[in-house]
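Protein chains in written order, with this note's numbering: chain R, 1 to 226; chain Z, 227 to 452.
Just so you know, these hints were derived from the structure itself, not from any lab.
A portion of the hints provided could be inaccurate.
Claimed, not checked - Below, simulated EDC-like cross-link-like pairs (lysine to aspartate or glutamate); rule was C-alpha separation at most 16 Å, straight line:
1) R:K42 to R:D61
2) R:K42 to Z:D323
3) Z:K268 to R:E88
4) R:K42 to Z:D303
5) Z:K268 to R:D172
6) Z:K268 to R:D192
7) R:K42 to Z:D287
Stated by the list, open to error - So these bits of chain Z aren't anywhere near chain R, every CB distance computed over 10 Å:
8) Y318
9) R322
10) G438
All residues carry an ideal CB built from backbone N, CA and C; glycine is no exception.
2 protein chains.
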Amino acid sequence: MTATDKRTDRRRGAQHGTERSSGTRQEQRPGVQNGAERLTWKGGTIEAPLPAVLVTSGTMDKANVMTVAWTGIVNTDPPMTYISVRPERYSYEIIRDRREFVINLPTAQMARTVDYCGVKSGRDTDKIAACHLNLLPGEMVRAPLIAECPLQLECRVRQEMALGSHHMFLADILAVRVDPSVVDPSGKLRIDQCGLLAYAHGQYFALGRILGKFGYSVAKNNKKHR
Amino acid sequence: MTATDKRTDRRRGAQHGTERSSGTRQEQRPGVQNGAERLTWKGGTIEAPLPAVLVTSGTMDKANVMTVAWTGIVNTDPPMTYISVRPERYSYEIIRDRREFVINLPTAQMARTVDYCGVKSGRDTDKIAACHLNLLPGEMVRAPLIAECPLQLECRVRQEMALGSHHMFLADILAVRVDPSVVDPSGKLRIDQCGLLAYAHGQYFALGRILGKFGYSVAKNNKKHR
Numbered sequence: 001m002t003a004t005d006k007r008t009d010r011r012r013g014a015q016h017g018t019e020r021s022s023g024t025r026q027e028q029r030p031g032v033q034n035g036a037e038r039l040t041w042k043g044g045t046i047e048a049p050l051p052a053v054l055v056t057s058g059t060m061d062k063a064n065v066m067t068v069a070w071t072g073i074v075n076t077d078p079p080m081t082y083i084s085v086r087p088e089r090y091s092y093e094i095i096r097d098r099r100e101f102v103i104n105l106p107t108a109q110m111a112r113t114v115d116y117c118g119v120k121s122g123r124d125t126d127k128i129a130a131c132h133l134n135l136l137p138g139e140m141v142r143a144p145l146i147a148e149c150p151l152q153l154e155c156r157v158r159q160e161m162a163l164g165s166h167h168m169f170l171a172d173i174l175a176v177r178v179d180p181s182v183v184d185p186s187g188k189l190r191i192d193q194c195g196l197l198a199y200a201h202g203q204y205f206a207l208g209r210i211l212g213k214f215g216y217s218v219a220k221n222n223k224k225h226r
Numbered sequence: 227m228t229a230t231d232k233r234t235d236r237r238r239g240a241q242h243g244t245e246r247s248s249g250t251r252q253e254q255r256p257g258v259q260n261g262a263e264r265l266t267w268k269g270g271t272i273e274a275p276l277p278a279v280l281v282t283s284g285t286m287d288k289a290n291v292m293t294v295a296w297t298g299i300v301n302t303d304p305p306m307t308y309i310s311v312r313p314e315r316y317s318y319e320i321i322r323d324r325r326e327f328v329i330n331l332p333t334a335q336m337a338r339t340v341d342y343c344g345v346k347s348g349r350d351t352d353k354i355a356a357c358h359l360n361l362l363p364g365e366m367v368r369a370p371l372i373a374e375c376p377l378q379l380e381c382r383v384r385q386e387m388a389l390g391s392h393h394m395f396l397a398d399i400l401a402v403r404v405d406p407s408v409v410d411p412s413g414k415l416r417i418d419q420c421g422l423l424a425y426a427h428g429q430y431f432a433l434g435r436i437l438g439k440f441g442y443s444v445a446k447n448n449k450k451h452r
């Protein structure tokens, strides 16, 4: 088979390979034809779903909170994250100067707070008071935790990069703080019991049903080979 | 009120501020006491939910696919994303050399494929064949699109940063490719009809119910002020 044949076959949905049994079959989404034309839009920030986290900065006595969706994990060892922030935002200078922040993972119940803390500025509004949020002290940083969130990452800025509209703060994750009520008796974090919230293209979603856990697609084969 | 009073009150859940009506009330999660002790774990990559995307690289004739959860948006203008990749992965050298890749957003139906493409290496397995994936040509890059995914970001690497276990590729989003079946008659992307998948601490989730759209927490106030 030539390269061209292979390409043509792939586009028609032909099945290749010797790993057929360990592969997985795609169900066709209703109304979607494989190979159907794709619209081409100019570049945009349509990656989804993303976390929408509450970022706290400052101190217990003078704290601010803002919502950030431009965040994620950038490195496993050492554990590192980032937040991208517009320099106009009130939290920007606090984080730039203190080089510390906390990422608080909110629940679906907190969607309205998440939205509010993304729309309003700490320059005009004490958002922590307005949203009736409770603060807890950080362990490794002076920035506080939001008690209503089940999980926190305490972060220290390693590097700041100006990218255009946003500055990216690359940061080490110094500590993870966990509400004991989402840890099972064996000490395992039950992320499915956290009721987390996701952000996708201007909408907030609750997490839905569990589809599987990492490695499940090959778990049967592994047993066979043992 | 002194700073100390304010802090003490906040920890007890007192309500401050003049924005009470525009603020949002937190319901207490069952079994969670505000101010309850937090466990302190060492730093880790527990940020969630994250996207789990299929990253394609290479060409239509010789493509590879891998799953990446260390990805997100880093800048709005110009639109920029990143993927963090272990240098040991098969796709790493392809992306480093070609400086192009495509981020394909998979559906919940594709969870098994997402998992498989994260566990298996393109060195040993033609994952595109094994998972019966169909390819479509990119518009701005030579790397192909996965036809089964409703949305794609075509990306060009701007910078590579070695962070430790992973190298981060910072990239411009050159084009967004969209399956016409998830665009409504007015031309609006219906992200809620994409059936996207999320990743959280080793588990895959479907997106659940819509909680609100960006700005909804202040929408009533806006009307009032018009």
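Structure-based check of all given hints:
no.	hint	in the structure
1	R:K42 to R:D61	violated, 45 Å
2	R:K42 to Z:D323	violated, 25 Å
3	Z:K268 to R:E88	violated, 33 Å
4	R:K42 to Z:D303	holds, 12 Å
5	Z:K268 to R:D172	holds, 11 Å
6	Z:K268 to R:D192	violated, 21 Å
7	R:K42 to Z:D287	violated, 25 Å
8	Y318	holds, 14 Å
9	R322	holds, 17 Å
10	G438	violated, 5 Å
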